[in-house]
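For chain X, the structure is supplied; the task is to place chain U on it using the hints.
2 protein chains.
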Amino acid sequence: MDIFTDEYFMRIALSEAQIAFEKEEIPVGAIVVSDNKIIAKCHNLTELLHDVTAHAELQAVSSAANYLDAKYLKSCTLFVTLEPCQMCAGALYWSQVSRVVWGASDEKRGFQTMGGQLHPKTKVTAGILADECAALMRSFFEKKR
Amino acid sequence: MDIFTDEYFMRIALSEAQIAFEKEEIPVGAIVVSDNKIIAKCHNLTELLHDVTAHAELQAVSSAANYLDAKYLKSCTLFVTLEPCQMCAGALYWSQVSRVVWGASDEKRGFQTMGGQLHPKTKVTAGILADECAALMRSFFEKKR
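The listed protein sequences correspond, in order, to chains X and U.
By the UniProt record's numbering, the letter at position 137 of the first sequence is numbered 137, and the numbering carries on one by one without gaps.
By the UniProt record's numbering, the letter at position 131 of the second sequence is numbered 131, and the numbering carries on one by one without gaps.
Chain X extracted, bound-state conformation:
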């Protein structure tokens, strides 16, 4: 039995999203996994840093590359609680990450709607813990109203 399922890792990304939620950030979390080892764990920090580029995925790409001391993430999987935006899809494209797994889809601002693309070699799995990831987002925007 393999404990290292997509659900296992997505739950850790979701706990990062929860940390963002508690900081009153849009609750998105991302982790990078290499050989079942988590090498980056990040959450959205755009409000606290006053920086629109501080999305969870963008930080995760930088942080994982820093850990590996290498530009490319060819043997890594990025787990993120929400479908990446075009900026993050672009960063993932350049990183040549092996696989991207996301939770909830983002029909308004996801890269599939806004345009942009992942690297042709990157495999994609969508919808892991989608309900829980989406519920956390809904709960954030309901609180904001």
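Treat the hints as calculated values from the structure; they're not laboratory data.
Keep in mind that the hints are not guaranteed to be accurate.
Heads up, the list lumps identical chains together, so a pair's fine if it works in one copy or across two of them.
[Said to hold, decoys possible] Distance condition first, Cα-Cα at most 30 Å in a straight line; then the derived BS3-like pairs of lysine-lysine: (1) Lys108 to Lys144; (2) Lys143 to Lys71; (3) Lys37 to Lys108; (4) Lys71 to Lys144; (5) Lys71 to Lys121; (6) Lys121 to Lys108; (7) Lys123 to Lys108; (8) Lys144 to Lys37; (9) Lys108 to Lys143; (10) Lys121 to Lys143; (11) Lys121 to Lys144; (12) Lys144 to Lys23; (13) Lys74 to Lys108; (14) Lys23 to Lys143; (15) Lys144 to Lys74; (16) Lys74 to Lys143.
Below, chain U without anything else, positioned relative to chain X:
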């Protein structure tokens, strides 16, 4: 007579690209201007930092926001020597920058080819000092061969 023309500012972005060239980085430079004042000046650092997100524009968006202590660049113009990629177009989208001016077009990796979009409120001017910006890129790739 206004000395603060698009050519004036693009020449400064080009001098940043030249610095990247000298560091053996793909020679792209970007600056952010607010009320004719340069508030960010950056060049591509992807090789030195081993970080695919270290494009000139992405650094410039972060750096300008940091200078302004504000998330949005609504009254700013970004000048960049090369048409932005989808990642940088995405960052510029989120920044709601007032205007983007680029030099050379990037038919392979520019966001107009790869997909993605700027903010609907962002004005665009393309082709400022395009020949000089393109010549520096060509010279870089010829040296690499």
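Right, here's what the structure says about each hint:
1. Lys108 to Lys144: For Lys108 and Lys144, the Cα distance is within 30 Å only inside one copy (18 Å; across copies 41 Å).
2. Lys143 to Lys71: Only across copies: Lys143 and Lys71 sit 22 Å apart there, 39 Å inside one copy, limit 30 Å.
3. Lys37 to Lys108: neither (32 Å within a copy, 35 Å between copies)
4. Lys71 to Lys144: Between copies only: 18 Å across, 38 Å inside.
5. Lys71 to Lys121: Classified as within; 16 Å inside a copy, 34 Å across copies.
6. Lys121 to Lys108: Result: close both inside a copy and across copies, 25 Å intra and 17 Å inter.
7. Lys123 to Lys108: both (22 Å within a copy, 22 Å between copies)
8. Lys144 to Lys37: neither (35 Å within a copy, 36 Å between copies)
9. Lys108 to Lys143: within (20 Å within a copy, 43 Å between copies)
10. Lys121 to Lys143: Classified as between: cross-chain Cα gap 29 Å, same-chain 39 Å, threshold 30 Å.
11. Lys121 to Lys144: Classified as between: cross-chain Cα gap 25 Å, same-chain 39 Å, threshold 30 Å.
12. Lys144 to Lys23: within (13 Å within a copy, 46 Å between copies)
13. Lys74 to Lys108: Both: 29 Å inside a chain and 21 Å across chains, each within 30 Å.
14. Lys23 to Lys143: This pair counts as within: shortest intra-copy Cα distance 13 Å, inter-copy 48 Å.
15. Lys144 to Lys74: The answer is between: 23 Å across copies meets 30 Å, while 38 Å in one copy does not.
16. Lys74 to Lys143: Intra 39 Å, inter 27 Å, cutoff 30 Å: inter-copy only.
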